[in-house]
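Undergrad: The residues making up each chain are set out below.
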Amino acid sequence: GAVVSQHPSWVICKSGTSVKIECRSLDFQATTMFWYRQFPKQSLMLMATSNEGSKATYEQGVEKDKFLINHASLTLSTLTVTSAHPEDSSFYICSASVLGLEEQYFGPGTRLTVT
Amino acid sequence: RKEVEQDPGPFNVPEGATVAFNCTYSNSASQSFFWYRQDCRKEPKLLMSVYSSGNEDGRFTAQLNRASQYISLLIRDSKLSDSATYLCVVNGNNDMRFGAGTRLTVKP
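Those protein sequence lines, which keep their order, are chains Z and G.
Our numbering puts the first sequence at residues 1 to 115.
Our numbering puts the second sequence at residues 1001 to 1108.
Pulled out of the complex, with its shape left as it was, chain G reads as follows:
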């Protein structure tokens, strides 16, 4: 079993749609969690950290479920510019593990 698993997609959604990604992790001792966004042929950029209480940043909402060992990312009112690969990242003792990424394409 992979340490961090994501549905690779692709998710093809129209502009304005709401889309959600899930990510599961195997290490129950993991301490912190992040969503990164990676555009084609570019480096990953931090989208948001994921806190136990859940957190929201504009159209993006991240949630963590420690008991079930998954994190989620919800994007509301999708924009064309949201098209990218979204990487789930799990960190335990400065040991970052990346998911394979979920590809999102937002279409006009």
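Okay, chain Z solo, but in the shape it has when bound:
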């Protein structure tokens, strides 16, 4: 149990375009989903936390107008990277947790390359 999927797993896009990444909890209802970014050889960095039906809480330094997060249901959250630039190229990982349980279940990640 506790499977989280992400789609797509790998995407290449041109600078200036927008990319949407989906994160789904397949066999449980996730009240909270988290979005992380990881640059090569660096740690995971939390970008934002989203609770179903409410606005995401962004970490300091993360532009909420650039990284749009929608958590419309208990099984789906989306991250849209708007007007992508090459410096946005990174590994984006989502995770999901169930209210009251502290363990997070990670998706397989999405590798974004902006050319």
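Worth flagging that the hints you see were computed from the coordinates, not collected in a lab.
Every value quoted in this text rests on a predicted model; they were computed, and no experiment measured them.
Each hint should be verified, as a subset may be incorrect.
[Stated by the list, open to error] To give a feel for the contact side, a few chain G residues facing chain Z, derived at Cβ under 7 angstroms:
hint: 1; residue: Glu1043
hint: 2; residue: Pro1044
hint: 3; residue: Phe1098
[Unchecked claim] Cross-link-like lysine-lysine pairs, in silico, BS3-like; alpha carbons within 25 angstroms at most:
hint: 4; chain 1: G; residue 1: Lys1042; chain 2: Z; residue 2: Lys41
hint: 5; chain 1: G; residue 1: Lys1079; chain 2: Z; residue 2: Lys20
hint: 6; chain 1: G; residue 1: Lys1002; chain 2: G; residue 2: Lys1042
hint: 7; chain 1: G; residue 1: Lys1002; chain 2: Z; residue 2: Lys41
hint: 8; chain 1: G; residue 1: Lys1079; chain 2: Z; residue 2: Lys64
hint: 9; chain 1: Z; residue 1: Lys41; chain 2: G; residue 2: Lys1045
hint: 10; chain 1: G; residue 1: Lys1042; chain 2: Z; residue 2: Lys55
hint: 11; chain 1: G; residue 1: Lys1045; chain 2: G; residue 2: Lys1002
hint: 12; chain 1: G; residue 1: Lys1045; chain 2: G; residue 2: Lys1107
hint: 13; chain 1: Z; residue 1: Lys41; chain 2: G; residue 2: Lys1079
hint: 14; chain 1: G; residue 1: Lys1045; chain 2: G; residue 2: Lys1079
Idealized CB from N, CA, C, for every residue including glycine.
Here the structure of chain Z is known, so what remains is to put chain G in place on it, guided by the hints.
TA: Below, chain G alone, put in the same frame as chain Z:
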């Protein structure tokens, strides 16, 4: 000071060796602690939770020292398959903070 600090390594050890990683955290109100394992270009996977009394899972032993605000991970009888990056994760009020990870390479 970073919220969660780890020695980045790399730790290069022969098969069968015992290796230990430490991790310090700055938030004294942190409530729960974990070790995750991350293979290259993959998502982190939970290795084990860390309990106040210490806990063991096979070759892996985790310990928590709240007074000194550090956690440790001990791996005995290292296997080639243990080669990975080990992430220390500290949680306070559903706010997970990751260490930068410690890279371990186990060599034949």
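Undergrad: Hint by hint, say whether it matches the structure.
TA: Right, here's what the structure says about each hint:
no., hint, result
1, Glu1043, "holds, 4 angstroms"
2, Pro1044, "holds, 6 angstroms"
3, Phe1098, "holds, 5 angstroms"
4, G:Lys1042 x Z:Lys41, "holds, 12 angstroms"
5, G:Lys1079 x Z:Lys20, "violated, 39 angstroms"
6, G:Lys1002 x G:Lys1042, "holds, 24 angstroms"
7, G:Lys1002 x Z:Lys41, "holds, 17 angstroms"
8, G:Lys1079 x Z:Lys64, "violated, 43 angstroms"
9, Z:Lys41 x G:Lys1045, "holds, 17 angstroms"
10, G:Lys1042 x Z:Lys55, "violated, 28 angstroms"
11, G:Lys1045 x G:Lys1002, "holds, 22 angstroms"
12, G:Lys1045 x G:Lys1107, "holds, 22 angstroms"
13, Z:Lys41 x G:Lys1079, "holds, 23 angstroms"
14, G:Lys1045 x G:Lys1079, "holds, 18 angstroms"
Figure legend: structure checked against the earlier numbered hints; hints not met, in rising order: 5, 8, 10.
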